[in-house]
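**Student:** This is what each chain is made of:
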Amino acid sequence: KAGVTQTPRYLIKTRGQQVTLSCSPISGHRSVSWYQQTPGQGLQFLFEYFSETQRNKGNFPGRFSGRQFSNSRSEMNVSTLELGDSALYLCASSPQGTSYEQYFGPGTRLTVT
Amino acid sequence: GESVGLHLPTLSVQEGDNSIINCAYSNSASDYFIWYKQESGKGPQFIIDIRSNMDKRQGQRVTVLLNKTVKHLSLQIAATQPGDSAVYFCAERRGNTPLVFGKGTRLSVIA
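Going line by line, the protein sequences match chains B and H.
Read in order, the letters of the first sequence correspond to residues 1 to 113 in my numbering.
Read in order, the letters of the second sequence correspond to residues 1 to 111 in my numbering.
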């Protein structure tokens with residue numbers, strides 16, 4: 001079974017631009033969570049989607065948004081990029097909403113200049 | 001609020017020795033704990049998990065111990081190998097809330 005895939009793997013953007021990242025969960029998984037990873041803050045939760053509905057949301061500004069499609073694929077969007085948004089963005093999928101075990105993708109490395 | 005932290009940011013061990021990575025948590029309501037391993041350039045990889053109704057769980061070369069009295073979690077790796085070199089994260093969860101991750105411990109295996 002294929003793992004979690006994320007595209008693109010690397011991205012360079014300029015301050016003020018917006019970016020969309022994509023995540024394809026493991027086949028059959030219905031829950032997708034997004035995390036931001038930086039050296040200073042570690043892994044921080046962004047949001048979780050289950051069956052196209054946002055179920056949990058982390059403490060991030062409204063510039064960060066996401067959505068999930070009927071096939072469980074998910075996208076996250078960051079508008080008006082800031083230098084501090086440079087990070088590794090990780091997506092994780094779970095078999096079902098109440099399952100605790102999450103499987104992570106390789107991440108998208110975003111650099112904002 | 002809750003917090004999950006690690007006692008040591010770095011740990012160096014000789015190949016073949018056992019490794020112990022520690023984690024402290026502050027929320028006694030947490031009911032699920034998990035350890036992840038992250039190698040350079042990769043996403044976190046599931047190692048082992050434990051629920052709060054257990055004290056110990058064993059996997060292949062790994063053991064997780066949970067001490068709810070002092071709110072302490074540890075990961076033991078037996079016969080540490082060079083391939084075990086990575087950053088290890090503990091994380092905790094209460095019910096259906098999101099996982100809260102610790103800062104991570106870097107394990108270096110000396111050949």
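These are computed hints drawn from the structure, not numbers from a lab.
Even for Gly, the Cβ is constructed at its ideal location relative to N, Cα and C.
Incorrect hints may appear among the rest.
Stated by the list, open to error - Just a few of them, taken from the derived set where beta-carbon distance is under 7 Å, the chain H residues facing chain B:
1. P9
2. A29
3. Y32
4. F101
**Student:** Now look at each hint and say whether the structure bears it out.
**Tutor:** Hint-by-hint comparison with the structure:
1. P9: violated, 11 Å
2. A29: At about 15 Å, which exceeds the 7 Å cut-off, the nearest Cβ of chain B leaves the hint on A29 (chain H) violated.
3. Y32: holds, 5 Å
4. F101: This hint holds: F101 (chain H) lies near chain B, its Cβ roughly 4 Å from the closest one there, short of 7 Å.
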